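As you go down the protein sequences, you meet chains A and B in turn.
Per this note's numbering, residue 15 is the first one in the first sequence, and the count goes up by one each step.
Per this note's numbering, residue 1200 is the first one in the second sequence, and the count goes up by one each step.
Some clues are possibly wrong.
Keeping only pairs whose Cα atoms sit at most 27 Å apart, straight-line, the calculated DSSO-like set for lysine-lysine is [said to hold, decoys possible]:
id: 1; chain 1: A; residue 1: Lys562; chain 2: A; residue 2: Lys376
id: 2; chain 1: A; residue 1: Lys495; chain 2: A; residue 2: Lys412
id: 3; chain 1: B; residue 1: Lys1369; chain 2: A; residue 2: Lys191
id: 4; chain 1: A; residue 1: Lys204; chain 2: B; residue 2: Lys1369
id: 5; chain 1: A; residue 1: Lys185; chain 2: B; residue 2: Lys1369
id: 6; chain 1: B; residue 1: Lys1245; chain 2: A; residue 2: Lys270
id: 7; chain 1: A; residue 1: Lys412; chain 2: A; residue 2: Lys376
id: 8; chain 1: B; residue 1: Lys1369; chain 2: A; residue 2: Lys308
id: 9; chain 1: B; residue 1: Lys1396; chain 2: A; residue 2: Lys376
id: 10; chain 1: B; residue 1: Lys1245; chain 2: A; residue 2: Lys185
id: 11; chain 1: A; residue 1: Lys432; chain 2: A; residue 2: Lys213
id: 12; chain 1: A; residue 1: Lys297; chain 2: B; residue 2: Lys1241
id: 13; chain 1: A; residue 1: Lys107; chain 2: A; residue 2: Lys580
id: 14; chain 1: A; residue 1: Lys308; chain 2: A; residue 2: Lys615
id: 15; chain 1: A; residue 1: Lys385; chain 2: A; residue 2: Lys451
id: 16; chain 1: B; residue 1: Lys1241; chain 2: A; residue 2: Lys172
id: 17; chain 1: A; residue 1: Lys290; chain 2: B; residue 2: Lys1369
id: 18; chain 1: A; residue 1: Lys432; chain 2: A; residue 2: Lys458
id: 19; chain 1: A; residue 1: Lys457; chain 2: A; residue 2: Lys385
id: 20; chain 1: A; residue 1: Lys191; chain 2: A; residue 2: Lys208
id: 21; chain 1: B; residue 1: Lys1280; chain 2: A; residue 2: Lys177
id: 22; chain 1: B; residue 1: Lys1369; chain 2: A; residue 2: Lys177
id: 23; chain 1: B; residue 1: Lys1280; chain 2: A; residue 2: Lys290
id: 24; chain 1: A; residue 1: Lys290; chain 2: B; residue 2: Lys1245
id: 25; chain 1: A; residue 1: Lys172; chain 2: B; residue 2: Lys1245
Covered by chain A, per the in silico footprint, the following chain B stretches (three or more residues, Cβ under 8 Å) [what the hints assert, rightly or not]:
id: 26; stretch: 1320–1332
id: 27; stretch: 1509–1520
Simulated from the structure, these hints should not be mistaken for laboratory data.
As the structure is a prediction and not an experimental result, all values here were calculated from the model.
Cβ atoms here follow ideal geometry from the backbone N, Cα and C, with glycine treated the same way.
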Amino acid sequence: MKKALAILMAVLLVGAFIGMAQVSNPNTMIEETIGTIATLDPAWGYDTASGEAMWQVYDNLIQYDGPSIKKFLPMLSTNVPSAKDGTILDNGKTYIFHIRQGVYFHNGDILTPEDVVYSFERTLIFDRAGGPSWMLAEPMLPMINGAYVDSIEQWATKLAGVKSYSDLFIKGTRTPKNAKYKQALIDTFKLVSKVFEIKGNDVIIHLPHPYPPLLFILAHGANWGAIIDKKWAVANGAWPGTADTWWKYHNPTREKDPLYSIMNGTGPFVLERWTKGREIVFKRFDEYWAGPAKIEYAVIKRINEFTTRKLDLVRGNADMIYVPIQYINQVKGIKGIDVTPGKGFPTLTIINMFFNWTIASKGNPYIGSGKLDGNGIPPDFFANLDVRKAFEYLFPYKAFIDQVNLGHAITPNGAIPKGMLGYNPKVPPTYHQDLAKAAEYFKKAYNGELWKKGFKFTIVYNSGNTQRQTACEMVRAFARKINPKFIVNVKSELWASFLDDYLAGKLPMFSLGWLADYPDPYDFAQPYYSSTGAYGSTLGAAYVKWAKVHMDPLVNASMKTTDPQKRAAIYEKLNVLAYDNALFLWLDQPYAVHVQRSWVKGWYYNAMRPGVDFYSLSK
Amino acid sequence: MPVTLLGLTFLIFFFTSFLSPYQLVSAYVTSPRELQAGNVDKIIEKYGLNQNFIFRYGRWIDGLVHGNFGWSLSLNEPVSKVLEQRFPATIELTIYAIIPVIFIGIWLGVVAASHHNGVIDQVLRVVALLGYSVPAFVLGLLLLFILYGVLGWLPPGRMDQWAQMIYYAKSFHHYTGIATLDALLNGRIWVFLDILKHLIDPVLTLSFLSIAGLLRITRSSMLESLGQDYIRTARAKGLSERVVVNKHAKRNALIPATTVAGLMFIGMLGGVIITETIFNYPGIGSFAAQAAEQFDYAGVLGVAVVFGIVTVIGNLIVDISYAIIDPRVRVG
């Protein structure tokens, strides 16, 4: 009996291992990851998980050339506009796209230039709060008082002469209060519609001002530039394309967006089904203009547990999985699994610590007494250059990369990531840990008072982020090492509380990061350095005042020229200013790490691609 | 029941009243880049997050009355639809889990009591202790590692990819939402077996603790019955030990065990959160975990309402069945 059991076990084990070696589901490619797809509507999506789903189904006018983030290839446009061939004119204000003919949408409709124009116009009028429409609004809507316009609402309020967009409507409705306001709304749309011209089979974009990153914003991977089928969209309840109704379709709630769970693109895959929060399944589109995909089905599963993902990969039930960097060694060295070394693939992500120059002091528990008395810090603590420099020299950058990122990252030298225009690895230099110098700056700050009295404040990180937690702990440990009177408390907060304190300006020092919207340095320089940037504007009144004088002119100048060399020089200058003034404590720019079964062929890295390009893959 | 549910939902809503609009907005904003250009205030206004909680509660109740549980921010669809899709999966898992609990738990309890203080009793007491001591997440991960990671037998999820292709095909009719039953009704025996295979691990995890509990209750109840005068009388009459145990002692001992089993079923529904999360099982438990994690309060409220309804109805059934099993309750 025992012998029989032993034989049975052996057979089962051998069977299990044979199963591991065979290619599982040869026509289906399965990716297991953690992101929750928020929407399938290109005008709404502003997250990587949604972007990955849209990548498979929707095409854009142009696409990146394989792994390059600087070269383009045609896609639904048969040309990549350039000044050389006369398809970029008027000093970068006119772009001509020749629309590909004979392209089918998944429902059988044929692509027309009207679809292209409708797609862009819809993104502009859709303009959901917190969404991606600003990327089309900045280049396509005229400036107001010399500043880019991020939302169509700004023009509507200006033309109507009201204070806020909601003033245009009867309370609780989307009905304009009077004929004048209605006309202002219609006139606003005229600003949108005049950007686009259809001439035969060409779509011509007339920008009100040059905007160097435009092609990046329209390239595949940027779902806000994806081309949808106008006829299908309207039939499903989306904006009908008329000037006198657009505000009814503007900034909808999620539940009122008719395209949030349906898709109809020209891409290589058709949406088969979307089981929300679990998986999305795509089926090959055999009529794809560039030829059908090699695999029949593509599946993206959301599996939160790393152990489950790993076991699925080992068993061959997943072809590729997301592996957080701290677990990377757990998948290395397993037969049949490839871990693509990340060193060649810098992500376009910058993680850093922020100094709040004017901390909101009212009811703020993070700054102790709020005075320089050893039991707190004054609200303008980080407006002091010596203090900021001391913290820059205090941080153990190399240990952070080696221990926390396991070597899969580099220390940035500014907001511009490696791989992007304007990045120069030597200028400015990166800060390095030098405790003697840190002590020197601390002694210098506040004429020696700080060194004598010490300080006490709290660094906050959003809970669950172990990398940021370790960075905070490192600051705490080395501050205390320099002077026992330097007390830094570390506190974790749920995202909700973190956001609450962040928006209230209460956090003295905190860690966040930035992921590229498009691979142009402006996308990093503006949010970090500008006084109106997503981060710059939240670092306190003192920073805003300083940035207006020192950073804004340069950030603005970088968009006034299309000459890459001139632009690169400006971004380098901004980075040098940031270094000299110790504006941010740059933690890391991570490398991408890709983990897959060895049988998966055709994978390549592109920093701007959200997730996997199933079209390139085979088994 | 409505009063209980009203109280429960009011309490949950009341807790959200302690949150500022900026905290509530965190469910809509996942990255700082969504905060550009005063977007936060627009989002707060759009979703009415600055309205007082009584007003929001009233609006939610009004929706509930009309079958609208709100919008799940974690799954991006109406909560009612999520519950409709996921509740049958959880019921399926719980039904499969309660079957071994009742049969094995009661049987082991009877065996332990029949061998009071003997070797079998001691072994079973250790097993019961283990059942109480091993947390579900430890047992679940162990089972996943051994039965899937090492042996490759029992994968997580609800079914394999090939079975999903059949299960979600247009020709497949979803009569009940209970996947095994639907597979049988569609005549898809291999799909049925595949779903069954995926149920083994979560069922084992979910039932292990409850088996231990029922074993202990049945054992002590049996011991109490075996010490009664009528048992002594039965033995004095010369009845065999099998008849004494099975016919006389067990019937009375089963009364509390049955009641507890009913409550265990309800308890299991609450316990599925960990099990479903570990095994990536698409039920209401994993939804509850995801909703809580992503601050999806409409989702959390929806789950609370469903659990509340099930608990109230379950208790009612237990009370009725108790009266049926034990005539003294009716007399009393």
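Check: Of the numbered hints stated previously, which ones are contradicted by the structure, given in increasing order?
Finding: 3, 4, 5, 7, 9, 11, 12, 18, 21, 22, 26 and 27
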